[in-house]
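As you go down the protein sequences, you meet chains A, B and C in turn.
Going by this note's numbering, the first sequence opens with residue 18, and the numbers climb by one from there.
Going by this note's numbering, the second sequence opens with residue 1453, and the numbers climb by one from there.
Going by this note's numbering, the third sequence opens with residue 98, and the numbers climb by one from there.
What the hints contain is simulated information worked out from the structure, not anything from laboratory work.
Glycine included, each C-beta is placed from N, C-alpha and C at the ideal position.
Incorrect hints may appear among the rest.
What the hints assert, rightly or not - Dumping the calculated EDC-like pairs for lysine to aspartate or glutamate here, alpha-carbon to alpha-carbon at most 20 angstroms: (1) A/K246 <-> A/E88; (2) A/K204 <-> A/E254; (3) A/K188 <-> A/E173; (4) B/K1588 <-> C/E141; (5) A/K83 <-> A/E192; (6) A/K289 <-> A/D224; (7) C/K316 <-> B/D1622; (8) A/K204 <-> A/D224; (9) B/K1588 <-> C/E329.
Stated by the list, open to error - To list a few chain B residues with every Cβ distance to chain C over 10 angstroms, as calculated: (10) E1503; (11) F1518; (12) N1561; (13) I1578; (14) N1593; (15) S1603; (16) S1679; (17) S1701.
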Amino acid sequence: MVRNSSLPITIRQVTKSYGKNYALDHVDLDIRSGEFLTLLGPSGSGKTTLLTVMAGFTRPDGGSLKFGDTEMVCVPPHKREVGMVFQNYALFPHMTVAANVGFPLKLRGVSSSDIAQRVEAALETVRLGGYGARGVEQLSGGQRQRVALARAIVFEPRIMLMDEPLSALDKQLREHMQIELRQLHDKLGMTTVYVTHDQREALTMSDRIAVINAGRIMQLDVPRTIYEKPSNRFVAEFIGESTFLPVVALQGRVTLGGRALMTAKPTPADGKHLLMLRPERLRILGSTETDVEAVNILEATLLTVVYQGDSSLIQVELPGAGVISVRSQSNALSNHGLTTPGSTVRLGLNVQDTVLLDVQ
Amino acid sequence: MKWLAQTVTDTQVTRGARLWLYVLAVIVMIFLVVPTLLVIPMSFSGAQYLEFPPRQWSLRWYLSFFNSPSWMQATATSLKAALMTSLVATPFATMAAYGLHVSRVRYVNLMTMLLLTPMVIPVILIGIGVFYAYVKLALVNTMLGLVLAHSMLAIPVVMMVVGSALKTFDMDQELVARSLGASRLKAFLMVTLPQIRFSVVSGAVLAFLTSFDEIIVSLFVSGGDNSTLTRNMFNALRDQVDPTIAAISTMIIGVTTLLLVFTQFVGQKKTVDSVEVAN
Amino acid sequence: MGLVAPAFLLIFVTMLLPVGWLFYLSILSDTGAYSLEHYQRMWEQPSYGRTFLATFQVSALTTAICILLGYPLAYFLSELPKRAANLCMIAVLLPLWTSLLVRTYAWLVLLQRRGLINGWGIELGLWDEPLALVHNMTGTLIGTVHVMLPFLVLPLYSAMRAIDRSYLRAAANLGASPLRSFWLVFFPLAMPGLASGALIVFVLCLGFYVTPAVLGGGKVTMVSSRIANDIEIFFNWGAASALGVVLLVLTVVLILGATRMIQMNGVLGRQGKP
């Protein structure tokens, strides 16, 4: 990876409001040179607004935006030298594929022969070599996506912005393209900011994820931390499945429905907290496994089992706490001879997975 | 000026840089609207000829219009013809638009084009053609002949309005009604028509205006007792600038504006309603 | 399809038949025998050539001026938010549906020697003698442009509104300045609308009667005036029909040819090389 093929992005106190609503609320964000950062959030969270601020289509009400050392807030979009892939690709319908991809080069005064060469190279990079003469309407969705990509990389930008580029593709193609996009990023090395509402996509592709809601960044971390140690309820709910149960902490001791729980360091403050339970982190224990090290054991009553192919979703009731879901391999229950509703199920929860969140 | 410095487009173009566009657009809009409107105050001129602004305000030209039997007769003719045209053209054209919309026959496009030809063929040609035919059929200077000719001209207009309403209408609703037991006619009357009624009303208004404002065919085909207002006005225009025409024009402007505002307003309401429903 | 019958019957009887009859009349000589003398006369007599030239002149100039005035207006309207645009659209629709006679009359009053414009011009000291603004080509053009402008603006506006703004964003992001993104992306995409509007205006001008007859004052003879005169003054049905047939054929050929070109442009005439 060549060092000067990318730029860091520094965002300080960027604010944008429409009437009384804050689309962006004093956002601070440092994006490292060459990293693949995803802005993840529900619709209306401000993630696309942040992207358009970076692209120059939205001028923020306040704050600073720097690419490297250059302040960019007042720079018009056509002078920003960022590559961008739009959600609907925005391929010019009145131009061929080659004309589309060559467009940015033509604007920059590159000679015709060089344009032809670089266009073909870009098309090859996205595995559409030789497609130059085709019209845009002759292409499938996936092909158009790749042409949009080729057009965005052909002028070698040091920053790439992507606005939900895969949302219009079907599942299989999308998952395939996620890998391809990531590989392209690794190969070319530019700083990439990727917007999506699909948490799985974010987890798959990113170096770091910034979870956004209501114009604010809720957590900025690597995927694993976001998933396993969400810092607040919103992030915990947005990523993966989870149930929340109230627990009480008193002088370092945590109780759930009267039973004691072991938690990971640091010790929670006194008062009420929420225990985040991810269904796949609860293990079904056999009747012989007692006092396993660093595992919280919970006893619950079996309610229902839903077979879902690669796994089963099991509903159990924890006395004094409520109904929770457990996800396990389909024969886990039958292996332990527990099939009738009403029977007692013993669940194991590793201490590292015992995550407490503040009540908001 | 802060307003000028604000950026207006996605590409961060300021209002200031675009000022020339705003000025030009406003000038063109003024050019479009004002000349016609200037007739209105001039019609109240008390002098022998038109002036702006009138030094004396008077209703003399309006009185001259209302007191003149020939103008009154012509107005009555035009109103009658326009009303009847609307009554004939609207159902004919609505039926035709509906028929073409649901028909699966191969020559639908051809038929549509044929029915729209009165709009394409130069009116002067239609005028002399109809005149010639009417001479043979003794329909010249008759109300019947006039209404037939005007309806022919109005049908394409109504067809376009109703046709585009039908295009955006979900025809499945009719199918549902029929599956629930309604005949084709009932389904149309009870389900489709109520929902496209604003377009049908607009079409009827446009048919009325098309007939009322029609000049060329009326020039050839109406005459004597059945001379239309437009025919009389046109002949008066060629002879001298009779200020009575200013008064007539003002009244026509008033009626047309009212009718148009009515249809725009009613049409807007419909789109607002359907947008709200869609949301 | 039976529903279409009444309308079709009416149009057939009142228009298609009579116009067909005219075609027939055009090939009858004054004595009733079949002859092409009316067409021959058109070819031979120079006055017909002048008439056609005048007609084309008016049509071409009107179309050109309408484009110059109408393109900026349509562009301005297409950038406004929907509600403001609908409001301003009244400025375009109102003249369209105001009686043609009223509009023509208004210009007559404004442009005549003792009219408003001359009155103001002299009062403000802009010129000394009243300008001849009417009963000539100038007056005719002003009037026809005023009448035709909405016909250009409406389809053009509609085409411009339909252009997805993300194309312009993409162009800007790729490095196009506002001027270049307009010229390289917006203008080509709006072209079909412009072509339709220009075609409509041109074709309508060819057959235009009322406004040129009144504002031209007999000095600007268009084909339509000639046809009317042939009937009203000379009772020469043969000549009038022949002229009418030529006008119709020209109209149809233009419409078909231009529509073809517009369609082909969309499919084949794309910009291949960057």
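Hint by hint, here is what the structure shows:
| no. | hint | verdict |
| --- | --- | --- |
| 1 | A/K246 <-> A/E88 | violated, 35 angstroms |
| 2 | A/K204 <-> A/E254 | violated, 34 angstroms |
| 3 | A/K188 <-> A/E173 | violated, 29 angstroms |
| 4 | B/K1588 <-> C/E141 | violated, 32 angstroms |
| 5 | A/K83 <-> A/E192 | violated, 32 angstroms |
| 6 | A/K289 <-> A/D224 | violated, 34 angstroms |
| 7 | C/K316 <-> B/D1622 | violated, 54 angstroms |
| 8 | A/K204 <-> A/D224 | holds, 15 angstroms |
| 9 | B/K1588 <-> C/E329 | holds, 17 angstroms |
| 10 | E1503 | violated, 8 angstroms |
| 11 | F1518 | holds, 18 angstroms |
| 12 | N1561 | holds, 13 angstroms |
| 13 | I1578 | violated, 6 angstroms |
| 14 | N1593 | holds, 15 angstroms |
| 15 | S1603 | violated, 6 angstroms |
| 16 | S1679 | holds, 14 angstroms |
| 17 | S1701 | violated, 4 angstroms |
Hint compliance for this structure: hints 1, 2, 3, 4, 5, 6, 7, 10, 13, 15 and 17 are not met, and every other hint is.
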